[in-house]
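There are 2 protein chains.
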Amino acid sequence: MNNMNDINDKRIRLAHGSGGKLSHDLVTGVMLPAFANAALNELHDGARINMPGVKLAFTTDSYVVKPLFFAGGNIGKLAVCGTVNDLAMCGADPHYLSAGFIIEEGFPVADLIRIVESMQAAASEAGVAIVTGDTKVVEKGAVDGIYINTAGIGAVIDGTGISPTRVRPGQDIILSGPVGNHAVAIMALRHGLVLPQTVTSDCAPLNGLVKELLSAVPDVAVLRDPTRGGLATTLNEIAQQAAVGILVEEAAIPVQPEVAAACDILGFDPLYLANEGKMIIFSQPQASERLLAILKGHKYGKEAGIIGKVTDSPAGQVGLRTLIGGIRLLDMPVADQLPRIC
Amino acid sequence: MNNMNDINDKRIRLAHGSGGKLSHDLVTGVMLPAFANAALNELHDGARINMPGVKLAFTTDSYVVKPLFFAGGNIGKLAVCGTVNDLAMCGADPHYLSAGFIIEEGFPVADLIRIVESMQAAASEAGVAIVTGDTKVVEKGAVDGIYINTAGIGAVIDGTGISPTRVRPGQDIILSGPVGNHAVAIMALRHGLVLPQTVTSDCAPLNGLVKELLSAVPDVAVLRDPTRGGLATTLNEIAQQAAVGILVEEAAIPVQPEVAAACDILGFDPLYLANEGKMIIFSQPQASERLLAILKGHKYGKEAGIIGKVTDSPAGQVGLRTLIGGIRLLDMPVADQLPRIC
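Respectively, the protein sequence lines represent chains H and U.
Residue numbering for the first sequence follows the numbering used here, starting at 182 and increasing by one per position.
Residue numbering for the second sequence follows the numbering used here, starting at 182 and increasing by one per position.
It should be emphasised that the hints constitute simulated quantities derived from the structure, not laboratory data.
Please note: incorrect hints may appear among the correct ones.
Repeated chains share a single entry, so a pair holds when one copy, or any two copies, can fit it.
Computed cross-link-like contacts, DSS-like style, restricted to lysine-lysine with a CA-CA straight-line distance of at most 30 Å [unchecked claim]:
#, residue 1, residue 2
1, K191, K321
2, K480, K321
3, K321, K490
4, K321, K202
5, K483, K202
6, K321, K483
7, K191, K480
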């Protein structure tokens, strides 16, 4: 029961849903002991499962973002892109989504229509169909507006085998573009901070780009989208799962200047902020040029670059070479800085 | 946009999630126009979808039942059984589930552990694995305790083709057991009504029983579990989708006497109450004896019986021959009597 054992008589805290250490404790202390099976134990963004005759990927996420509408998207677009991206990060081609709505009594129908139309637009772009759904309405106050769950099914792309167990010292770490935009777009709204119109959520379906990358380089070791907890948390998870060290270069990690400025004002570190249209790729260095060419030719990867390397040690740790040349530990956060970011 | 068009400027009501007419308006007025595709348009409990080499069923449901723990189950058991049953009602053998949790800050960890342990017990009984999941924690007041979404994948059983389009006049309608138990177990708790211990929710996974039935009689026309809205609503949906009449016999519909008594006290009609471990079968009369023998030999079908017939007319309507011999219209409810019953 791990760390949760100590708190069997305790209560769930916001941080248990943050993507940080406490989230990890909740999953390993409560969920895994109950549900343990080979597919779940991998703790990837989705499960790879076998059905007679086909290798599938299967994933789910609930979306509770606040506010519901923001620059660059809304909860509906997020719910489709997030699940599409989780499938893509498993090396799968997404085919079908489900959509489960929990709606508060009194919610404006016009807002619901905007949300479902955004879902369909994102689904069309991603080439997936929303084939099954469910709607529950709860009394006023029993939910905050609307929450959406999506689950998704994809076909694992032949010849791929994405897994942290395939991460090796010497591999390059590629980031597909600037970090922090999604979280800053949300947080600016919450804090009444007026940002330039150039700051929008990066929310986007990455499956088309992933398919191109995996067609060219099927033996990519890991794909991961740095959502809750941001780049730093995602790198820590991979370093721990693969028992390798990671060293990234601060100078190589793009951050839009307006996003960096907003982070200064709001007191956030962009490396820990959620993204909804970015990915990290771990691959052999000889493949990097090919991957970068594909990324830079795609609208969702124009600013891609190599941000660091996998190292031998210290295993499980992520180092950041700062702009002034020192190396600091990029730790796993105990809790995300920002609840309800997705 | 159908009936929802008139209310674009309006607000979601509890009844939009009830399983009754307003739910139907929400689905046909908002969801279908946005998401329309062949699988979704069938409006079955789950979607049948094709992946290269395999015919799958895919379904989702969110569970918001209140209270969370009740005689015969809890929200976790319900979340597994409900989705397993939706797959079974598509003529599929359930294999994998996802689980998405939305938890209120301050929720007792001990309760969460009870819930996930019940989920695993139900999954074990049903022979399914919970292979992927997600947990969101929202601030106090932003959700009422815990809501759970499950999605499920199953393999469509060879030779079956469950569809309301296969319903024909002359077919028998079989019900697998007494109705109303789940809703009465919940409502008694809400109203502080102390019932005999024999009144428990019927919450159970029906996939094992369904597999036996479909192995013996693959050409069953329709399977459906009468959940939200109860037997009456489910029969109305089938009558409308198949454009047939339905006549059921009140004397043939089993209701546990303690449930009937509780309904009298609470003012409910058991034919409109949610069940979580019952099913209705539409089949050719020559198969009925075989189906009933299998049902009666299974722990979840002991009190099964033929409750009525499909008729030519009036199309889309359900008649009930009452105990005193008259026939009354069993109408589709505008709203369920009971919000948050599942």
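Outcome of the hint check:
1. Proximity of K191 and K321 under a CA criterion of 30 Å is satisfied in both settings, with 28 Å inside one chain copy and 15 Å between copies.
2. Proximity of K480 to K321 under the C-alpha cut-off of 30 Å is found in neither arrangement, the shortest distances being 41 Å within a copy and 40 Å between copies.
3. In this homomeric assembly, K321 and K490 never come within 30 Å of each other (Cα to Cα): the closest approach is 50 Å inside a single copy and 41 Å across copies.
4. Within a single copy, K321 and K202 get their C-alpha atoms only as close as 33 Å, which misses the 30 Å cut-off; across copies the closest is 21 Å, which meets it.
5. Taking the closest pair of Cα atoms, K483 and K202 never come within 30 Å of each other, the shortest separation being 32 Å inside a single copy and 49 Å across copies.
6. In this homomeric assembly, K321 and K483 never come within 30 Å of each other (Cα to Cα): the closest approach is 44 Å inside a single copy and 41 Å across copies.
7. In the homo-oligomer, the alpha carbons of K191 and K480 never lie at most 30 Å apart, since the shortest distance is 47 Å inside one protomer and 38 Å across protomers.
Going through the hint list in order, the structure does not satisfy hints 2, 3, 5, 6, 7.
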